[in-house]
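Undergrad: Now for the letters of each chain:
Number of protein chains: 2
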Amino acid sequence: MSSSSAAPAAKPPIRDALVAAAFRLFLERGYEQTTVDDIVALAGVGRRSFFRYFPSKEDVVFPDHERCLADMTAFLAAGGAEHEPVRRVCDAARLVLRMYAENPAFSVQRYRLTRRVPGLRAYELSVVWRYERALAEYLRARFAGRPDGTLRADVIAAAVVAAHNNALRSWLRSEGKGDPGAAVDHALGYVQKTYGRPAQAPPAPAARAGRPDDVVVLVSRRDAPLWRVVQELETALGRA
Amino acid sequence: MSSSSAAPAAKPPIRDALVAAAFRLFLERGYEQTTVDDIVALAGVGRRSFFRYFPSKEDVVFPDHERCLADMTAFLAAGGAEHEPVRRVCDAARLVLRMYAENPAFSVQRYRLTRRVPGLRAYELSVVWRYERALAEYLRARFAGRPDGTLRADVIAAAVVAAHNNALRSWLRSEGKGDPGAAVDHALGYVQKTYGRPAQAPPAPAARAGRPDDVVVLVSRRDAPLWRVVQELETALGRA
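Those protein sequences? They're chains A and B, same order as listed.
Sequential numbering from 0 applies to the first sequence in numbering that gives the first Met the number 0.
Sequential numbering from 0 applies to the second sequence in numbering that gives the first Met the number 0.
A couple of the hints might just be wrong.
Claimed, not checked - No farther apart than 25 Å at their CA atoms in a straight line, the calculated lysine to any residue pairs in the SDA-like style are these: (1) K176(B) / T149(A); (2) K192(B) / P146(A); (3) K56(A) / E31(B).
No wet-lab data here; the hints were simulated from the structure.
Can you make the complete structure from the sequences, with help from the hints?
TA: And the structure:
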């Protein structure tokens, strides 16, 4: 995401030092028992430096979400009409996963902290909400003028976030072991299969020119349940 | 929901008086500028009475969510294996709609207030999250042992909440005019169509005893796209 103008070229060392000091104290003393004064004392900087980087103590727990939200917005804005919309929001969600996967130990620590502190849980929900709105706004624009455009946009954005978080949280609960990418791909694949256009076009007739008259005859009772007929049909067509 | 033991037989008048006083002050002075002392003074009760009904000033803004959450949990717990799971969570979501629709003027006031006060927005997100978790936990239990059971449960719960809120918020933005029930039914219908089993069971063979040998013959090219074949099939079966 180096193309995003919102992303700094490198993280300032003071910012990193503040995050490291804060997390050390949160884990040692507890989040509520740690003050901003404690954090700046341990980091060896002044109180003003803290507030230059973080509006509040809560923000130091989620130091990369603002950058990630900016990256996501830029990524979505850079998409054109040639991008299948559901695939695009799934790819946008993968930016969040990448942020978590960049630093597994930190992500797992934060996950544990967030479980324990209700204020941080609320903060996290508001961050998740902002990601979801960014995806929904993109989809609303792509679906503009279509029937139920905003409804579909909101539902698909929520489904993408839920699928992403289902896989992400499994990984965090497993102490960040293994590659979360495959699990997130699988989860997002479920959403894409449900709502997206097929990734691959069906083979052109020319590709099957060898058997142009290949037909399937299916005989079914009229009162058979539709799902059962489709099942038979898939088997007959060799696509089950 | 009169069957729920969590629902009180009647709202205590003091509780209603506190809510009415709080909203009058929130609208006149602003939420942040109103203290609990202001609210109890206007309602003519003591400070302790306030905290007997509401843990904090934020809670007075959402006085019915705890009851509604309890109703929803009881409703889901009362469901049996005969209830189609996606339909059941959609019906559970309708309990929330009913709470909003019971008092349109109050719901619209609160909606406006929640837009303006970030703390209330965060509170609302945490309430929405609890509804979503209640639906997801129910679906996780119903899908237990199935492939991707927790993934499907989480995604469907999120889709139900997003669809419900899409319709609810349109109604709130329209100043609570008209019946929100039809819009919510339409939105939830979209989710049920996507994830649920068909609402109506196929007619029993006995009901069609007059034409027991009624069959359909469908002939299709093997390389026809599946969606096209299903479309033809639906037409042939008279279910399109």
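Undergrad: State for each hint whether it applies.
TA: Structure-based check of all given hints:
Only pairs whose Cα atoms come within 25 Å are accepted, and K176(B) paired with T149(A) is accepted, the gap being roughly 20 Å. Restraint check for K192(B) and P146(A): the C-alpha separation of about 15 Å stays at or below 25 Å, so the hint holds. Proximity of K56(A) to E31(B) is assessed by CA-CA distance (about 21 Å); at most 25 Å being required, the pair is judged to hold.
Hint compliance for this structure: no hint is broken.
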